[in-house]
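Please put together the full structure from these sequences, using the hints given.
For the record, the sequence lines run as chains A and B.
Numbering that gives the first Met the number 0 puts the first residue of the first sequence at 0, with every later residue one more than the last.
Numbering that gives the first Met the number 0 puts the first residue of the second sequence at 0, with every later residue one more than the last.
Hints were generated in silico from the structure; no laboratory data involved.
Computed from a predicted model, the values in this text were never measured in an experiment.
Note that CB positions come from ideal geometry on N, CA and C, so glycine has one too.
To spell it out: a stretch of chain B is covered by chain A in this simulated footprint if at least three of its residues, at any positions, have a beta carbon under 8 Å from a beta carbon of chain A; those stretches are:
id	segment
1	5-16
2	35-41
3	46-60
4	197-208
5	235-246
Output of the computed footprint for chain B on chain A, the stretches with three or more beta carbons under 8 Å from beta carbons of chain B:
id	segment
6	36-44
7	233-246
There are 2 protein chains.
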Amino acid sequence: MRDFDESNITDAVIDSLAQTKDARLKTIMTSLVRHLHDFVRDVEITFDEWNHAIDFLTRTGQMCSDKRQEFILLSDTLGVSMLVDAINHRMPEGATETTVLGPFFVASRPDEPLGADISHGAEGEPLLVEGSVSSPDGVPLEGATVDVWQADDDGYYDVQRPELQSSLLRARFRTDKQGRFSFKSIMPAFYPIPDDGPVGEMLGALGRHPNRPAHIHFMIAAEGYETLITHIFNAESPYLDSDAVFGVKNSLIATFAKNAGNGSGRVLKYRFGLKSLSQERQ
Amino acid sequence: MRDFDESNITDAVIDSLAQTKDARLKTIMTSLVRHLHDFVRDVEITFDEWNHAIDFLTRTGQMCSDKRQEFILLSDTLGVSMLVDAINHRMPEGATETTVLGPFFVASRPDEPLGADISHGAEGEPLLVEGSVSSPDGVPLEGATVDVWQADDDGYYDVQRPELQSSLLRARFRTDKQGRFSFKSIMPAFYPIPDDGPVGEMLGALGRHPNRPAHIHFMIAAEGYETLITHIFNAESPYLDSDAVFGVKNSLIATFAKNAGNGSGRVLKYRFGLKSLSQERQ
Chain A
0 MRDFDESNIT DAVIDSLAQT KDARLKTIMT SLVRHLHDFV RDVEITFDEW
50 NHAIDFLTRT GQMCSDKRQE FILLSDTLGV SMLVDAINHR MPEGATETTV
100 LGPFFVASRP DEPLGADISH GAEGEPLLVE GSVSSPDGVP LEGATVDVWQ
150 ADDDGYYDVQ RPELQSSLLR ARFRTDKQGR FSFKSIMPAF YPIPDDGPVG
200 EMLGALGRHP NRPAHIHFMI AAEGYETLIT HIFNAESPYL DSDAVFGVKN
250 SLIATFAKNA GNGSGRVLKY RFGLKSLSQE RQ
Chain B
0 MRDFDESNIT DAVIDSLAQT KDARLKTIMT SLVRHLHDFV RDVEITFDEW
50 NHAIDFLTRT GQMCSDKRQE FILLSDTLGV SMLVDAINHR MPEGATETTV
100 LGPFFVASRP DEPLGADISH GAEGEPLLVE GSVSSPDGVP LEGATVDVWQ
150 ADDDGYYDVQ RPELQSSLLR ARFRTDKQGR FSFKSIMPAF YPIPDDGPVG
200 EMLGALGRHP NRPAHIHFMI AAEGYETLIT HIFNAESPYL DSDAVFGVKN
250 SLIATFAKNA GNGSGRVLKY RFGLKSLSQE RQ
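Okay, here's the thing in structure tokens:
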């Protein structure tokens, strides 16, 4: 294999994959090479532009740490995360829609009893969340694990505040016999995704704002069901129509109602439906 | 913009580029989003696969240092570097063909007088290089700068040997009135690209070897001419037909001839032609 030019190098690279043992990997790499080369050919990338891309990707990797995942942000802001989500979650009737995981989920989070206050006194408008988890046909799911995490009143997650010694606005619950869970919190604020890195530079160059509408993250798991990763968005938030990561779905927008009892405080009620794993195989 | 699915998210992301001020950036990003999304859709990437890709790219960035550029290796091994080269170097008759820069060029290198020995006594078969630089129509170019760098007898570049205090097998010369340059060195060995990182993992999974045929790098610059970045390959080397970075061109393969005078030692003679910048505008 010698003397490659723009008309024959793509086939040469694909030929070099002939010895790939994993058939799925071979399929993926063949498609990747074809699309990547087509992109370079279509816009006739210059050396300066390719060097810029190499530098951008390098800095994106080097921005990553155990508290920051810049490549997930890049994937989110280019709509790839939501595309992967759409392809892998063609949801049946009765199952809650999904959205991006985002970069702020962390594996270490406290288990809390139902009704716990996960704000631990943080400032903000009080919020009571009352949820339920069921199968698509309405059967309550007892003992489902419900992970919740959210931004605070300033739009920051706990992992963005290095001064914090422990989790804040982040916990795991288990549903009761009726499939219910509840917790006390504060209203989440809308916020910009971290924009002090390469992805922020990119958004700036593209004339895009970095903001996401206010939401609470949920990850709900129960045996025999597909784990649900989603948000519930506040219907009153700005940016519902220009989410920086393309994550908003109408079915996930809810009213955080004013508490009828007293002037301050809100209540969110939401019924989550999980997709049965046996449905997936149908 | 809400409720995106796999059929409409690509247009939504492209719509979000509407405020991009730089028209070229808008063109590039529009094409990138379309091809990237088409790739994800074509192979129906799963969550696990996408997470693997995010992790791979993150580790690729984190492998980079001032002596290692893993993203260039990735670009090289997927044939993208040679494709960018082909698109940007449609060479006229009489101009030497180009190939990849590679990850081992460094900005700090010693200026040496013509005839200098850049091996500084390193072990290997002695080599004399005698080159000349001219315009495509054969006019000698005086005062052109000629950067050379190469692997040693074990297949390593100086920057891969942390114990070295100064440059080795790397220098910059200036051509004389007849456009000539010469230097003493040793024969370069074929070598594997650095394969202890993510790119090495990838090559392993694809059943590909990491080797490059033996070569010497040249970067030649003269006012009024396009800077030439190329290699000269040893016609006797293995891997000329399976270069891990797809960089071999027949016109760049040369005989490193046995020195007629004595039993040991080789001579490489090569005439380089630079492309005139005024040709480029024709």
